[in-house]
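Engineer: For chain A, the structure is supplied; the task is to place chain B on it using the hints.
Number of protein chains: 2
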Amino acid sequence: MKFKTASIVLLLAGVIVSCNPKASEEKTEAKDCEKELDLSPEKLDRFGITNKEYLSAASKRALEWEYIENDWYREFKPMKPLKGDLAYEEGVVRRDPSAIIKENGKYYVWYSKSTGKTDGFENYENGKVFPWDRCDIWYATSEDGWTWKEEGVAVARGEKGAYDDRSVFTVEIMKHEGMYYLCYQVVKHPYVKRVKNTVGLAWSTSPNGPWTKSKEPILKPADNGVWLGDDVNDRRSVVKKGDFDSHKVHDPCILPFKGKFYLYYKGEQMGEEVLFGGRQIRHGVAIADNPKGPYVKSKYNPISNSGHEICVWPVNGGIASLITTDGPERNTFQFAEDGINFEVRGAVKGQNMPHAIGLNRTIEVSEENPTAIYNWGLSHVYNSWNYQSIMRFESRRVRSHDAKKAMKKK
Amino acid sequence: MKFKTASIVLLLAGVIVSCNPKASEEKTEAKDCEKELDLSPEKLDRFGITNKEYLSAASKRALEWEYIENDWYREFKPMKPLKGDLAYEEGVVRRDPSAIIKENGKYYVWYSKSTGKTDGFENYENGKVFPWDRCDIWYATSEDGWTWKEEGVAVARGEKGAYDDRSVFTVEIMKHEGMYYLCYQVVKHPYVKRVKNTVGLAWSTSPNGPWTKSKEPILKPADNGVWLGDDVNDRRSVVKKGDFDSHKVHDPCILPFKGKFYLYYKGEQMGEEVLFGGRQIRHGVAIADNPKGPYVKSKYNPISNSGHEICVWPVNGGIASLITTDGPERNTFQFAEDGINFEVRGAVKGQNMPHAIGLNRTIEVSEENPTAIYNWGLSHVYNSWNYQSIMRFESRRVRSHDAKKAMKKK
Numbered sequence: 024m025k026f027k028t029a030s031i032v033l034l035l036a037g038v039i040v041s042c043n044p045k046a047s048e049e050k051t052e053a054k055d056c057e058k059e060l061d062l063s064p065e066k067l068d069r070f071g072i073t074n075k076e077y078l079s080a081a082s083k084r085a086l087e088w089e090y091i092e093n094d095w096y097r098e099f100k101p102m103k104p105l106k107g108d109l110a111y112e113e114g115v116v117r118r119d120p121s122a123i124i125k126e127n128g129k130y131y132v133w134y135s136k137s138t139g140k141t142d143g144f145e146n147y148e149n150g151k152v153f154p155w156d157r158c159d160i161w162y163a164t165s166e167d168g169w170t171w172k173e174e175g176v177a178v179a180r181g182e183k184g185a186y187d188d189r190s191v192f193t194v195e196i197m198k199h200e201g202m203y204y205l206c207y208q209v210v211k212h213p214y215v216k217r218v219k220n221t222v223g224l225a226w227s228t229s230p231n232g233p234w235t236k237s238k239e240p241i242l243k244p245a246d247n248g249v250w251l252g253d254d255v256n257d258r259r260s261v262v263k264k265g266d267f268d269s270h271k272v273h274d275p276c277i278l279p280f281k282g283k284f285y286l287y288y289k290g291e292q293m294g295e296e297v298l299f300g301g302r303q304i305r306h307g308v309a310i311a312d313n314p315k316g317p318y319v320k321s322k323y324n325p326i327s328n329s330g331h332e333i334c335v336w337p338v339n340g341g342i343a344s345l346i347t348t349d350g351p352e353r354n355t356f357q358f359a360e361d362g363i364n365f366e367v368r369g370a371v372k373g374q375n376m377p378h379a380i381g382l383n384r385t386i387e388v389s390e391e392n393p394t395a396i397y398n399w400g401l402s403h404v405y406n407s408w409n410y411q412s413i414m415r416f417e418s419r420r421v422r423s424h425d426a427k428k429a430m431k432k433k
Numbered sequence: 024m025k026f027k028t029a030s031i032v033l034l035l036a037g038v039i040v041s042c043n044p045k046a047s048e049e050k051t052e053a054k055d056c057e058k059e060l061d062l063s064p065e066k067l068d069r070f071g072i073t074n075k076e077y078l079s080a081a082s083k084r085a086l087e088w089e090y091i092e093n094d095w096y097r098e099f100k101p102m103k104p105l106k107g108d109l110a111y112e113e114g115v116v117r118r119d120p121s122a123i124i125k126e127n128g129k130y131y132v133w134y135s136k137s138t139g140k141t142d143g144f145e146n147y148e149n150g151k152v153f154p155w156d157r158c159d160i161w162y163a164t165s166e167d168g169w170t171w172k173e174e175g176v177a178v179a180r181g182e183k184g185a186y187d188d189r190s191v192f193t194v195e196i197m198k199h200e201g202m203y204y205l206c207y208q209v210v211k212h213p214y215v216k217r218v219k220n221t222v223g224l225a226w227s228t229s230p231n232g233p234w235t236k237s238k239e240p241i242l243k244p245a246d247n248g249v250w251l252g253d254d255v256n257d258r259r260s261v262v263k264k265g266d267f268d269s270h271k272v273h274d275p276c277i278l279p280f281k282g283k284f285y286l287y288y289k290g291e292q293m294g295e296e297v298l299f300g301g302r303q304i305r306h307g308v309a310i311a312d313n314p315k316g317p318y319v320k321s322k323y324n325p326i327s328n329s330g331h332e333i334c335v336w337p338v339n340g341g342i343a344s345l346i347t348t349d350g351p352e353r354n355t356f357q358f359a360e361d362g363i364n365f366e367v368r369g370a371v372k373g374q375n376m377p378h379a380i381g382l383n384r385t386i387e388v389s390e391e392n393p394t395a396i397y398n399w400g401l402s403h404v405y406n407s408w409n410y411q412s413i414m415r416f417e418s419r420r421v422r423s424h425d426a427k428k429a430m431k432k433k
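Line by line, the protein sequences are chains A and B. Each residue of the first sequence is one higher than the last, beginning at 24 in my numbering. Each residue of the second sequence is one higher than the last, beginning at 24 in my numbering.
If we strip away everything but chain A, and leave its shape as in the complex, we get (with noise of 0.2 Å):
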């Protein structure tokens, strides 16, 4: 009889053990509690524990896994340079990608663009503190997903004193019930690096525009942190941090969900630190009855203490998200039923893996390929620090391993 891999047993050997083995010094205060973990023979010869009263601290998280197959798994390959317009233009940034949709039988995509160098906070007033600074937000169509067509500017920044007057950038592309909804990064002047962005929404008939947009944003920081003194290029000195949104709302995703709008996006925070997983970026998502809000924020935010650009999609009756660049549970793969409470599905390589990807919605996820989506999409690459532009990647999935096959994948 051939050992069945996927088989879970649920029996339970019925040995307790704590669930927070081994508490570091400044914990021990802690109390710790317990938890029965699965010891059954198929369990210990499939993880291939050697000897059950004799469990490491190592041992102790992976039987402690909650999902442990391999559906959601995936290798991520090179990017690859597109062609037509969207191919690399020295003194031209493209970056930031939306997801894909097609339309008229064309792929569409959205996206910041903007011209010049990066001058840095020296010359806010009159500079371009980064390759997003001075944006605004342009369309291209492609029949194929390699050779792109620029099509011109879907949304510009405002007149001067709008909100929106600085910047317009990071863009996302909700379609629902025949209206085409962008939402996006925006910044007023002055840009100083404690300036508050906010998010701003416009919305058309048509993919091709023209767009409206709102009068307001549609999403602000928290404003409970209280910065220590006022430099306003010094980020980091805080009386109090406040939300872990506080400082920026970055990266906004709608999507229609259970009968309402989710509005994903990052968070960060007055004061941010960098811990034992990197820089602190959260991820936290706002709720609305009408695509064009009000959007009120969960109380349960965040919503992931680890990531970077939002990457979320609706699948099995939920919500996934791909976790990147930031924290401890960065290249992971998560998912919610209820669009709140992720856990992680897959833990995916480092090698290769895209930024501020833009998901190809025209692609069928399902439960049997939950990951689907990932086969081909955008992303950018920094050709320099001044320059950016818009790569394809691709990724495949991976269900087993052999020695032939680990030859040709490196």
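Any given hint could turn out to be false.
[What the hints assert, rightly or not] Some chain B residues close to chain A (C-beta under 7 Å, calculated; not the full set):
hint : residue
1    : Ala85
2    : Ile91
3    : Asn93
4    : Tyr96
5    : Phe267
6    : Phe299
7    : Ser327
8    : Asn354
No lab work stands behind these hints: they were computed from the structure. Backbone N, C-alpha and C define an ideal beta-carbon position, used for all residues, glycine too.
Structural biologist: Just chain B, lined up with the frame of chain A:
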């Protein structure tokens, strides 16, 4: 008063939450346990949690992190090629560098060397099944760590019929009380996918040799797995998988520790699976009173359920380990006061991560900078599937983030 980001508050606010907050459907029968989380105002502010009565699954996981400070956190730079004899050479495999030690005013490194392309398993009798097949152990020296002089063979394969007649490779160096010890992987002919490799040892009073080999392997795979069928090139079909190291014992590294000798190694299990974190690769340890053995495997094995090549060093009175490549804990620095029960101390990015690391043991580490040993060292790169060359890696500590710095490193 400036907010002290490093303050650790032990006051527990007394709210009890589940430590297994959201079980997947398969595990709903498992009994949750309860654990007290630190919900002090300081902790909530540091983590940016919106409402302590509404903790998301992610917030609960974050509040359970055992160690959150950034003193182990690092970022790796792109690898750089070496010069002299260790520069890439077409037609030659040089890979899996040992640790670097300094003797006679020069750096020394040992490595696997073979020539010619890889044929695969079709012709395992006469061909080369892997780049690390039909290797001998060579060594090189350098004055500056950049330009290396290849000094010749250190340990060659044995005569036909010997336990090491097919390949000796993936070597580590230990200096102890005036003696030098090389431990390495060994394969006996024929090299089929089901072959069970062993670990060999050689010693000398000089880093230049001559080397005396152990008459027998010092470590062998566990013998409690059972193959299914008799295809010698089917490594996945099993009736019983057996211990984590029932198939392979790889990447040995011996460290003197607490008056004994800890032989860390990578185990591969018969019937290896791909789980949610990739290949099922684990680490174990075997302990001896004497450098030459006998080595007795720890009952606590496996001691890591993630990782690939062994990369361990002594620090702060314990043993630290860098976990790379495979499994959900990949790309973490871990530490075990007892050399066995490892806990995560830093979770680093996957970009530019070196594999098959040769640690630079000439760099001093300290409690203040426990990962200083990663300032620079050696690794290898796949120039092609056939040919690999040794490269230099570098990394730097990252303890805070601001916009200006972000620019520079991107």
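Engineer: Now look at each hint and say whether the structure bears it out.
Structural biologist: Do the hints match the structure? See the list:
{"no.": "1", "hint": "Ala85", "in the structure": "4 Å, holds"}
{"no.": "2", "hint": "Ile91", "in the structure": "5 Å, holds"}
{"no.": "3", "hint": "Asn93", "in the structure": "5 Å, holds"}
{"no.": "4", "hint": "Tyr96", "in the structure": "6 Å, holds"}
{"no.": "5", "hint": "Phe267", "in the structure": "3 Å, holds"}
{"no.": "6", "hint": "Phe299", "in the structure": "5 Å, holds"}
{"no.": "7", "hint": "Ser327", "in the structure": "5 Å, holds"}
{"no.": "8", "hint": "Asn354", "in the structure": "6 Å, holds"}
Hint check: no violations occur; every hint is consistent with the structure.
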